[in-house]
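Line by line, the protein sequences are chains A and B.
Residues 0 to 235 (numbering that gives the first Met the number 0) are what the first sequence spells out, left to right.
Residues 0 to 475 (numbering that gives the first Met the number 0) are what the second sequence spells out, left to right.
What the hints contain is simulated information worked out from the structure, not anything from laboratory work.
Keep in mind the model is a prediction, meaning the values are calculated, not measured.
Mixed in with the good hints, there may be bad ones.
What the hints assert, rightly or not - Where chain A lies over chain B, by a calculated footprint (3+ residues, C-beta under 8 Å):
| no. | stretch |
| --- | --- |
| 1 | 61 to 71 |
| 2 | 117 to 131 |
| 3 | 139 to 145 |
| 4 | 210 to 221 |
| 5 | 246 to 257 |
| 6 | 265 to 275 |
| 7 | 463 to 470 |
Each residue gets a CB set at the ideal place from its N, CA and C atoms; glycine is no exception.
For reference, the chains in residue letters:
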Amino acid sequence: MNEQRQIILNNIRRSLGRSGPMDKEKISALKDRLTSPKRNLIPERTSLTSSSLITLFKDMAEGVFASVEEVDRLSDIPRAITSYLKKENLPSQVVMSSDEVLDSVPWEEQPLLGISKRIPEKDDMVSVTSAAVGVAETGTLAMFSGPDHPSTLNFLPETHVVVLPKDRVAKSYEDVWDMIRNNTAMGDRNEKKEMPRTVNFITGPSRSGDIEQTLLLGAHGPRRLHIILVDSKETN
Amino acid sequence: MLLMVETLPKQFKKNASRQLADEDLRKALTKSKGHFTGGRQKAIDNLPEFDSLRDKARDIKDHVLENLDFYLEEYEQKVISTGGKVHWASTKEDVQNTVLEICRSVNATSVNKGKSMIGEECDINEALENSGIRAVETDLGEYIIQIRDERPSHIIAPAVHLTKSQVEKSFRETHTHLDPQRILEEPPTLLEEARTVLRGKYFEAQVGITGANFLVAETGSSIIVTNEGNGDLSQLLPKVHIVLASIEKIVPSLEDASTLLRVLARSATGQEFSVYTTVSTGPRRKADLDGPEEYHVILLDNGRTNMLGTEFQDMLRCIRCGACMNHCPVYQSVGGHAYGWVYPGPMGAVLTPSLLGVDEAGHLPNASTFCGRCEEVCPVRIPLPKLMRHWRQREFESHLTPKFARYGIKLWAYLVKRPSLYKWVMGVQVKILFLLGKRQGRFSSLPFAGGWTKYREFPAPEGKTFQQLWSESSNE
Chain A
0 MNEQRQIILN
10 NIRRSLGRSG
20 PMDKEKISAL
30 KDRLTSPKRN
40 LIPERTSLTS
50 SSLITLFKDM
60 AEGVFASVEE
70 VDRLSDIPRA
80 ITSYLKKENL
90 PSQVVMSSDE
100 VLDSVPWEEQ
110 PLLGISKRIP
120 EKDDMVSVTS
130 AAVGVAETGT
140 LAMFSGPDHP
150 STLNFLPETH
160 VVVLPKDRVA
170 KSYEDVWDMI
180 RNNTAMGDRN
190 EKKEMPRTVN
200 FITGPSRSGD
210 IEQTLLLGAH
220 GPRRLHIILV
230 DSKETN
Chain B
0 MLLMVETLPK
10 QFKKNASRQL
20 ADEDLRKALT
30 KSKGHFTGGR
40 QKAIDNLPEF
50 DSLRDKARDI
60 KDHVLENLDF
70 YLEEYEQKVI
80 STGGKVHWAS
90 TKEDVQNTVL
100 EICRSVNATS
110 VNKGKSMIGE
120 ECDINEALEN
130 SGIRAVETDL
140 GEYIIQIRDE
150 RPSHIIAPAV
160 HLTKSQVEKS
170 FRETHTHLDP
180 QRILEEPPTL
190 LEEARTVLRG
200 KYFEAQVGIT
210 GANFLVAETG
220 SSIIVTNEGN
230 GDLSQLLPKV
240 HIVLASIEKI
250 VPSLEDASTL
260 LRVLARSATG
270 QEFSVYTTVS
280 TGPRRKADLD
290 GPEEYHVILL
300 DNGRTNMLGT
310 EFQDMLRCIR
320 CGACMNHCPV
330 YQSVGGHAYG
340 WVYPGPMGAV
350 LTPSLLGVDE
360 AGHLPNASTF
370 CGRCEEVCPV
380 RIPLPKLMRH
390 WRQREFESHL
400 TPKFARYGIK
410 LWAYLVKRPS
420 LYKWVMGVQV
430 KILFLLGKRQ
440 GRFSSLPFAG
450 GWTKYREFPA
460 PEGKTFQQLW
470 SESSNE
């Protein structure tokens, strides 16, 4: 394969009319572009105050068939989930990750809610996770994989309930990259400021238009995406 | 093989005539057209910066192509530093061999595939099946055409050429373990059945193969964009994740990827953002509870390096959104299969001759009315009509144009370069046709114009040429 590598690189250089190595100045300019990447154009629509940003996030998410509800406190979440599951006629067994946000929710106040903290299996119906960021621009959730957030939780169960603290609503995808680089997204988990194995941007529930371009929800991933926006990290 | 009869680019004309007579295709294409073009327009109306983003997108891709060797090497280093492996492949056979090698190293018997056009370009499914490894397409559209033994007819909507009753028929023939009396007419029941059938298969595969919409040099990440979530399940559940990507998929930074993502979904399906945009970097980390243990990227050239530095370099900007075919009057009439290979529509008419050679695919660039819609809607501003014109010229120069057409064009060129002779010849010709066709006002057959009169009548001229009428009216 090393041989192939050399052939391809040589072909590129020949086609571009470059016989020798790139000059040093050029290389250092290109390296700079990689080590301190600059933002390109960011749509004006996100130039908003933080409360209007949350409204934009909500509107955009609902526009792609996610359902969104707002609660005041972390302690409201168990009841919110129970009533959502009841309304949708879903079982009250959920599989969940163990992370900073979800671990501070007083689940014991809703004994009817059956909670398993593990990765999902084939027949799990409902998952509950938090999201690292909510991107207002398109109502998109950003999830970082890790021991506190296995990616399969985002895809396998039919219903995905996402808890998103309002102070995690950002403007654009570029904000997500900066949070990863500056290590400001998820507490001290990501010490090395490196990319998580998987960053999942999720914009609404799974869908397909592959049969006569008819929009259908729930192709392989979740049929329902329910986002619970929570005002403060306080329990009470 | 159900429908994959003789669909080679060489046979475009024959393919197109057959497709034009296909009633199901008419029905399917009429349904899809408005959906794509209307959706795109709506998304663009919602984003005032769209045109500026297109300029940015074009500039990013141009910058990458000018420095492709640098970015590929940087990207490779990053992938290795995050625990992944990079394989380089000049041809489709190299890709096949690498995929098989990786599969054998984990004794794979079953492979799940997310949608990948490079997979199609390299006939990966065939290679796997020939080696006794089951390949399962998991994208709904790809799954449908896989069980029908067809090629995709569109780069983002592989089964766009089919009606729901054709899908129903295929499902009944394939899913024989299910009750034959079941109700299956409507798309929701079809989707439900596919979801259930494929669900079981996700857990059986040892290897998951996906494509890549972008490769990020800054981080060594691959990005896929899907709506169904099949790509994610395909890459998360098996032990090994293989990414198939062509070399021009590189972008410098995550910021650059974000800009391209902003124009991709809007141009493709009219969505503001696809449902799942997934950025993968290396294999699972030490403390991770899920994700693949191995992460491989196969970088394919397959003729692309030869396009660099030529007039066709612009084509390598393509981000495979499909907007050009959604807006192409020729594609919308003949459908994707007429183009005879992996890439249909205007982008295929330029790319296919570049990758397969003008003698194989020189016909394709002729399948254009030069209406210019493809260039107008291209998110990275590829001058598709100009590139098709380049190919037509090359086809002519390498004497591949049929003799009759060559002499016709030469004769015409001789005449137009001599205006007074041209006027005289046209005047005589129009007069003769006027006299011959006076009685009926039309011709149902004409020498040298059989291609026209076979399908419709040729209206008889009314005695004067356009130029004569023009000078008469300007004299008034």
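Given as covered by chain A, does the stretch 61 to 71 of chain B meet the bar of three residues or more with CB within less than 8 Å? holds (count 7)
If you look at each residue in the stretch 265 to 275 of chain B, do at least three have a Cβ nearer than 8 Å to any Cβ of chain A? Holds: 7 residues of the stretch 265 to 275 of chain B have a Cβ under 8 Å from chain A.
If you count the residues of the stretch 463 to 470 of chain B with a beta-carbon closer than 8 Å to a beta-carbon of chain A, do you get 3 or more? violated (count 0)
Proximity test - 8 Å, beta-carbon atoms, the stretch 246 to 257 of chain B to chain A, at least three hits: holds (count 7)
Counting residues of the stretch 210 to 221 of chain B with a beta carbon closer than 8 Å to any beta carbon of chain A, are there 3 or more? With 4 residues in contact (Cβ-Cβ under 8 Å with chain A), the coverage given for the stretch 210 to 221 of chain B holds.
Examine the stretch 117 to 131 of chain B: at least three residues should have C-beta closer than 8 Å to a C-beta of chain A. Not satisfied, violated; 0 residues make the cut.
Coverage criterion applied to the stretch 139 to 145 of chain B (partner chain A; beta-carbon cut 8 Å; 3 residues): holds (count 3)
Checked against the numbered hints above, the structure violates hints 2, 7; every other hint is satisfied.
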